[in-house]
Amino acid sequence: MSSDRTRLAGGTALLVAGLALAQAAFAQRTDIVVGMGLEPPHLDPTTAAAAAIDEVVYANLFEGLTRFAPDGSIQPALAESWDISEDGTVYTFRLHEGVTFHDGSTLDAQDVKFSLDRARSEDSTNAQKGLFAGIEDVTVVDPLTVQITLDQPDGGFLFSMAWGDAVIVAEETADAAKTAPVGTGPFRFENWVQGDRIELVKYPDYWGDPVALDRAVFKFISDSTAAFAAMMAGDVDTFPIFPAPENLAQFEADPRFRVIVGSTEGETILSTNNKQPPFDDPKVRQALAHAIDRQAVIDGAMFGYGTPIGTHFAPHHPAYLDLKATSAHDPDKARALLAEAGYADGFTTTLKLPPPSYARRGGEIIAAQLREVGIETEITNVEWAQWLEQVFRGKDFGLTIVSHTEPMDIGIYANPDYYFQYDNPDFQSLMDALRAEADPEARTALLQQAQTIIAEDFVNGYLFQLAKSGVADARIEGLWENAPTQANDLTGVRWTE
Amino acid sequence: MSGAETGLHVEGLSVSIGRAPILRDVGFSVAPGEVRGIIGESGSGKTMSAYAVMGLLPRAARMEGRVTLGGQDIGGMSERDMCALRGQQIGMIFQEPMTALNPVMTIGAQVAETVRIHGAGSRRAAMARAAEVLERVGLPPDEVPLSRYPHELSGGQRQRVVIASAIALRPALLIADEPTTALDVTTQAQILALLARLVREDGMGLMLISHDLAVVAGMADAVTIMKEGRVVDSGPTEALFRARRHPYTQALFAASTHVPDPVPQPPEPPPLLQLRNVERSYVQRSGLFGRPTQIRAVRGVSFDLAAGESLGLVGESGCGKSTLGRAILGLDPVDGGEIRLAGAPVHAGPTMPPEQRRRMQVVFQDPFGSFNPRHRVRRILSEPYHALDDPPGPQARATAISDALSDVGLDAADADRFIHEFSGGQRQRIAIARALIIRPELILLDEPVSALDVSVRAQVLDLLADLRRRYGLSYLFISHDLNVVRAVTDRVMVMRKGEIVEAGPTGQVLDAPQHDYTRALIAASPRLDAPLREGSRG
Amino acid sequence: MLRFALFRALSLGLSLVAASLVVFFALEIVPGDPAAAMLGVNAQEDTLAALRAELGLDRGPVARYFDWAGGLLRGDFGISYTYRTPVAQMIADRLWVSLPLALYALALTLLIAFPAGLAAAARRGKGTDLTIMGVTQLGIAVPNFWFAMLLVLAFSITLRWFSAGGFPGWEAGVGPAMKALTLPAIALALPQASILTRVLRSALIETLGQDYIRTARARGLTRRQVLWRHALRNALIPVLTIIGLQFSFLLAGAIIIENVFYLPGLGRLIFQSIGQRDIIVVESVVMLLVFAVILVTFLVDLAYAAVDPRLRRPR
Amino acid sequence: MIGADPQTGTGGAPGGGAAAFAGLWIGAALVGLFVAAALLSFVWTPYDVTRIDVAAKLQGPSAAHWFGTDHFGRDLFSMIMVGARTSLAVALVAVGIGMGVGVPLGLTAAALRGGWLDELIMRANDLVFAFPALLIAVMITAVFGPSAFNAILAIGIFNIPVFARLTRGAALGYWQLDFIRAAQVCGKGRARISVEHVLPNLFNILIVQGTIQFSLGILAEAGLSYVGLGAQPPLPSWGRMLAESQTMFSFAPHLALFPGLSILLAVLGLNLLGDGLRDRLDPRRGLAP
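Protein chains in written order, with the working numbering: chain A, 1 to 497; chain B, 1 to 538; chain C, 1 to 315; chain D, 1 to 289.
By construction, these hints were calculated from the structure, which means they are not laboratory data.
A hint or two may mislead.
[As the list claims (entries may be wrong)] The calculated label-pair distances, taken between Cβ atoms and stated as ranges, are: (1) C:Ala305 <-> D:Leu281: 51 to 57 Å; (2) C:Met178 <-> B:Pro58: 23 to 29 Å; (3) C:Pro86 <-> A:Thr106: 29 to 35 Å; (4) C:Leu99 <-> B:Gly318: 48 to 54 Å; (5) D:Phe42 <-> B:Tyr282: 54 to 60 Å; (6) C:Ala305 <-> D:Leu112: 44 to 50 Å; (7) A:Arg393 <-> C:Pro86: 25 to 31 Å; (8) B:Pro58 <-> D:Phe149: 49 to 55 Å; (9) C:Ala305 <-> B:Ser455: 44 to 50 Å; (10) C:Leu99 <-> B:Ala20: 33 to 39 Å; (11) D:Leu281 <-> C:Arg160: 48 to 54 Å; (12) B:Ser455 <-> D:Val35: 49 to 55 Å; (13) B:Pro354 <-> C:Ala305: 43 to 49 Å; (14) A:Thr149 <-> C:Leu99: 56 to 62 Å.
[Unchecked claim] Below, a sample of chain B positions facing chain D; criterion: calculated Cβ distance under 10 Å: (15) Gly349; (16) Met360; (17) His375; (18) Ala431; (19) Asp446.
Note that beta-carbon positions come from the ideal geometry of N, C-alpha and C, so glycine has one too.
Using the sequences and the accompanying hints, generate a full structural model.
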C-alpha cells in the first residue's frame, strides 16, 4: 500500500475513532497512548535486536509458542500444551485451534516450522540466533502438532521460545514484516508515522481472550523533558519506562498519575576490560569495587530507583545471593589495594558511556568516586552504534557502564571472548554443568556458586538492578509492573472509569 | 525689490547645530523670474541656507530669522504645512544626479509622484503630466520612455528628471544646489540653458547655488557671496563683477582666473615618454544578467612627452583619459601598441623594473582616498622608497621627508600627524610631496585640483609650477577643466571616446580650435567674463 | 541571459557535486557498523555478514558513492539501512513537518520584524526605537532552546493551551497540525525576528540617508511617505539576504527545537540516523539540506533582480 | 545562530549617542564580568566542580551555595564560573580559526579579484556556507565523536567563510582607492599591499565582526552542548547544564535559570559591546569624508 493511501486510511480511521470518542464521551475510554523513548527501526522482532521492536509488538502483535507472564514465568501461548521426551531432547508442541493471522490465514504447524527454520538458517539475520542453536530438527506432525528435536537436553528451551525473537510468522508475510507486520496477536498493525508514532487496532478475530482496548498508539519521545511535558499535558497516557527518574516524585505527588516501580532483568554494571592492564590485576579490580558507593550512584543517577547488587544476578530471582558485602564501599581499602598492586599514585583509564541516563549520570558519579582513590577517568559519551563498535566488538575500552537486560544472562561470564574478557575455566565448566542440569535445586546451587565466583573475582563493578519505573494515568490498570522481558503487553490493560 | 508679497525673502537667518553656528544673519531675496546666484567655497553655508528655506534642516539644528515666500511666513511653518509647500511652491534640485533618484522607481513614477503627492489628479493624469514635463525638460517619452529606471540614463538625463520632478507643479521658487558640478562641461551648458529657459517661461525665481563663479556669471541676475556662514557681498551680477568691492570677492576672482608664472622650457628636450598606437579595452558586464561587452577605452593613442614639458590631456568623463593614465603608470597592461619611458618599454605589474618605477610618480584627484588613513605622513612619504634599490638610511630619510614637506609648504613636524588631521588642500600638498620624494622625472597628475576650492586650487597650481621649475619635472596633466589646463600646460591633447582628436600648443588649441569637438568643449565652458561681455541682462 | 542562466546552473551543479563528495566521504569514515547497530550484542558473526551483504555494505565506497549519487540524480535516495524503507519516502514524510515549520516560523518572523523594524526606523532615537532595540537585543541573545523550554513550561505544563510537542500529522487536520507547530515556530521565530528587525531598521536608516530620499522630501513627501514609498523597497536588499539565510537556518537548523518538541522533522531524522548509523539517510538528508540552502541562495539572487531593476537585464 | 552576514550585521544602537555609549559600557562590563569569572575559575572556585556530593543535591540558592546545587550536589555557582571558561574558550578559539583562515583567504581573493583563485576561494566559501553550522557540527561529531575540540572545529569552520567574505568585500573597497594605486606605482606587490595597506584598515570591522561571531559562538556552543555535541563531562558547560537540568526545571528552576541567564547575559554583553564598538570604530571613517 502506498503511503498516501496509508495516510488516508489512517486519517479515516482517526476520524472514525474521533467520532466514536465524541459519541462515547462519558463511556469508558478504549484507546491508549503509550510513550516510548526509542522508536523501533522496523517491526520485525526476528531480524533485529532493538528492544523497541519487542516493546511494540511482543504479545500485542506477534506471539510465540510460549510467552513470558508478568511475573517472569513461562506460560503457554500459541502452544496450548507440550510434551518433553524422557531424555529432554524432543519437545512436542500442540497448537491452539482456530488461530488466524491478521491477514485471515490460519496458523498451522507448517508456520512454526518455517519460523524456526528461518531463524536458525545459514543466512538468518536473527539477532538471537543462539536461542535456536540447539535445534536439530523441526517436524510437522499434523497441522496442529509440531515436534522439535534438540541436540542435547536444554533446561531453558521453553524459556528461549518465549523470546520475542522466536515469535511465529507466516511464510507469505515474513519478508514484509519490517513495515507491514502480520502476526497472530490481539492487535493488528495499522499505521506508522515515522518519527512520531505507531498505531495498532484491535484484531476482532483474535483466538484468545478479547482485549479491552480498541486502539493502541505508541508514541516515541526520546527527550526526557518532552516525555515529562507530554505526560503532564495528557498527550500520553502511560510511559512504562519513564526516562527521567527525577520526575517520578512529581508524578507521585499528582493524583492524576500512578507511578509503577518494578524490577527488570537489567543488571547495571561497571563493565571492566579484564584483559586490559591494569584491570588484568584482580587487586586493581577489587580496588575498583571498593571505590564505588552504589547507593550514591543509585541516589544520584537514578534518584533512588534501583536495587543494589553485589553480583551479576537479578535480586528478584529465587537463586539470588546477596554478595554486596564482598565489595562494600571502602575508599581506604581501595587505595591500599591500589598501592599493593603498584598504583599508589593511581592511573588513568577510559570510561565510555552509552546514551541512557543511568550510564551518563552514573558515569559522572563513578568518575568522581574513582578520582577519590586516585583513578582518573577520561569520559567519552558514545552512541549505541559506537558503543557496539568500539566497546562491545572492538574491546577498546577500560571501563564502561551498561545494563545487561537479557534475563538469566550470567552465562556471558563463561565466554572468554565476551567484551569484558573474563576467562575462568572453572566458571566455564560450572556453566556447562548448569546447562545439563534439570533439577531445580541443583540448578540453584550451581547458580549461587557462579554468582560467588564472579563476585569474588571482581570481574565487573556490580552497581544495581535497573528499576522499571513507569508512569501511568491513575485510571489505567493491567500494566506490567516488572519487566521480565522488553515488552508493553497491553492484553490486560483497561480504563477503570 | 519692492513688494514683499512676491518672491523669496530671507532676513536675519541664523542656524546653529548644538553650539556650533552654521549661518549668521544671512539675508537675500529671489524675485519671481529672477536668478539669484549664491556663491561660496565649501563650508560657507550656502547649502544650509537652501535647506533652511526648504525646511529640511537636520533635526538637531536650531533656526532663527524670517523666511517668507510670496508674503507667507514659511520659516515657522509646521512640518505638515511645509510638506504641502515643497514640490508645490518650492522645488529643489541637487548636486549629485547619479544618486538623487530612487534607483528602484521608474522615472515616470518619480516625476508623477510630485503631482500625486499634492493631490493633483489620478495616477493616470499624474503620469500624463509627468510625460509632458519630461518632454519639456528635453526627455520626450518616445525617446526616453517613462518606464525607464534611473540607472538606464546618463548623468545629464538624470539631472533633467530631477528638474522635471522639481518643476512639475510650476513652483514659484526653484532651488538648484550645485546642479552641474558633477557633470561634464557640455552637459553642464545644456542643463544651465534648460534652467534659464524654464525660469523665463514659468517666471520662477531660481536660487542657483555654486562654488563656481563662472557658472553663476553666465546665469545670475544677482549674486550673493557667502563665506563662513555670512553674506560678505551681494548685488546685481554685472555691478558686483565690475566693482569687486569686498576683499573676499576680489580674492575669489583672482583665484578663479589665476595663472601661475610660466615655466621656461629647455631647448630641444629629449622625449621622456613615448606612446605608439596604445590600445586598451576592458570587459564590462551590465547588471546581474548582462552579457559582457568589450569596451575599447583607448584607441590607437600616440604622443611624445618631452623631458621638462607639461602636457595636458583634456576630455569629458569616460573618454578614456584615466584608463590611459593607468596604462602609462604600468598599473594595467596595454592590449596593443607600446609605451616607452626614457626609451625602455613600460610593462605592467610586478615585473616592471625599479629603475623604471622610480622615474614616474602620480598625484590623484581624491584628497581622501589617496592615503592610507592608518599611516602617519612620515610613512606615507617613505613609501616611494620601495622603488629604490638602495633606499636611504633613517637619517637621510628624515631629512628628505622634512625637505619634501617644506618643498610643498608644510612643516617638518607634520610628518608625525595622521592624514585626517589635514585639510583637502594640505592633503594634495602631501600627495605632491610623496610624488616628489624620490625625484622622479615624470609626474602624472590625474585631476589634481578638481576637488579643491578655487582659492586652494590657485595655491596648488602655483606650487606645481614652482616645483617644475626647481626640479625640471615633466607633467602629464589630466583634467576636464580647460581653464586649469590653460594655466599650467605647455601643450594639450583633446581626447574623445578613446582617441586623441586634437593636439598642439595649449594657447593655440584653446584659442583656435581645429576640431569640432574641441570647439564644442570651449563653447560650453562657462566664462567668468560673461556678464561683462554681454552687458546687462533683462 | 541564457549564458548567465547556464553559467549559474553549471556552478550550482558543480557546488552540488562538490557537496555530495564532501558529505559522502566525510560520513564514510564514521565509525560504527549499521549492521551491528541493528543486531545488537548477541549477534553472531555470520548473521552480521549476511545483513551487511543484504544492505550492500560489503562493496567499496567508490562504488557505493556512484550508486548513491546516481540514485540522487534519478530521485532515488536508496533504501534506509535500519528502516528498510525508501529514504525518499522517509525524507518526504519528515519534510512535511520541517518545511511547514520553517515557513510558519518565517511568516512569524516577517510579521514581527517588518512592523517592528519600520516603527523603530521611523522613530529613530525615540522611546519606541529604544524599546524595540532593547527587546531585540534580548531576543538575539536568548538561546532558542532555552526559550522553548520556558514556552513549554508556561503554555503546555502550566496553562495547558498547547500540547508539549509531537505532531498529529496533517491527516488530523490543518488546525491541530498548525497548533502543534505553533510553540516551536514561536521559539524559532523570536531570535530570527529580532535579527531581522535590527537588520531592517539599520537598512532603512541607511537608506533614509541617501540622496534620493532628500529629493523625495523636496517633492513634498512626508517622513512617513518617504519611509514607505522610497526607503522600504531600497532597504529590501540586505533584508532579503538575511531572509534567505534565515530560511535556510530554519529548515536545517531547527534540529534542536525539533528535539525539544519531539517533532518528527528532518533534524531529528539526522540525529536518530546517526545514532543508528543509518548513514545513507544522514547523507541524503544533509545533501537535501545543502541543496535547499544553495537553492534559496539562488532564489534570493533572483529576488534581488525583482526588487532592484539595476540587476535586471538591460533593455 | 544566524546574523552572521558581514555586510549587514545587526545594526547600530539606537540614537547613536547616549544609548550607544551606555550599551558599550554595559556590554564591556558584562563581558568583563564573565571573562573575570572564567579567569578566576582557573585558580579558585567556591567548590570543586568535579566533587560529587549526592546528599547535597538540588538545593536552592543559599548563603553556602549562591546559585544552589545541581542533581549531583555540585555547586552551581562554581559550575557557572568554569562553564564561562568553556564557553568563552570555545567561542574565542573558533573565532580565531575563522579569522586565522578566513582573513588570509579573503585578502588573497580580493588581491586576485576576478582571477581563478578568487573564484575558487569564493566558491569553496559558498560550499562551506551551504552547510549550516549545526550540520557541520553533527557531521564532525558523527565522525570524531563529541568533544569541546570538535565543537570548536565545527564553529570555527563555520566562521571561515564569514570572515573570508567580510574581508574580501571590505578589501575590494580598499583596492579601488588611490592610495593602493600609489603603492603600486611605487612597485609594491599585491601580497605586500594586502598586508601593509589593506589589512590594517580592516582591523575595526574585523574587531566588530569578531565580537559578533564570538557571541554567535557562545550561542552555538551552548546549542551543541545542549544536544550533547559539545564539551564532555566532567567539564561543566552552560549548554549541557541546561540539558541535564531540563527534566528538573519544573521543581528546581534554579538549575535552568542560572545557566540560561548566563548564556543570555554573555551573548547580550558581547552584542552590546560589538554594536558599541561598531559605532565607535565606524569602519567607514577612514574611507569617506
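Okay, the hints, checked on the actual structure:
{"no.": "1", "hint": "C:Ala305 <-> D:Leu281: 51 to 57 Å", "verdict": "34 Å, violated"}
{"no.": "2", "hint": "C:Met178 <-> B:Pro58: 23 to 29 Å", "verdict": "48 Å, violated"}
{"no.": "3", "hint": "C:Pro86 <-> A:Thr106: 29 to 35 Å", "verdict": "33 Å, holds"}
{"no.": "4", "hint": "C:Leu99 <-> B:Gly318: 48 to 54 Å", "verdict": "50 Å, holds"}
{"no.": "5", "hint": "D:Phe42 <-> B:Tyr282: 54 to 60 Å", "verdict": "58 Å, holds"}
{"no.": "6", "hint": "C:Ala305 <-> D:Leu112: 44 to 50 Å", "verdict": "28 Å, violated"}
{"no.": "7", "hint": "A:Arg393 <-> C:Pro86: 25 to 31 Å", "verdict": "29 Å, holds"}
{"no.": "8", "hint": "B:Pro58 <-> D:Phe149: 49 to 55 Å", "verdict": "53 Å, holds"}
{"no.": "9", "hint": "C:Ala305 <-> B:Ser455: 44 to 50 Å", "verdict": "48 Å, holds"}
{"no.": "10", "hint": "C:Leu99 <-> B:Ala20: 33 to 39 Å", "verdict": "57 Å, violated"}
{"no.": "11", "hint": "D:Leu281 <-> C:Arg160: 48 to 54 Å", "verdict": "50 Å, holds"}
{"no.": "12", "hint": "B:Ser455 <-> D:Val35: 49 to 55 Å", "verdict": "54 Å, holds"}
{"no.": "13", "hint": "B:Pro354 <-> C:Ala305: 43 to 49 Å", "verdict": "48 Å, holds"}
{"no.": "14", "hint": "A:Thr149 <-> C:Leu99: 56 to 62 Å", "verdict": "57 Å, holds"}
{"no.": "15", "hint": "Gly349", "verdict": "9 Å, holds"}
{"no.": "16", "hint": "Met360", "verdict": "7 Å, holds"}
{"no.": "17", "hint": "His375", "verdict": "8 Å, holds"}
{"no.": "18", "hint": "Ala431", "verdict": "8 Å, holds"}
{"no.": "19", "hint": "Asp446", "verdict": "8 Å, holds"}
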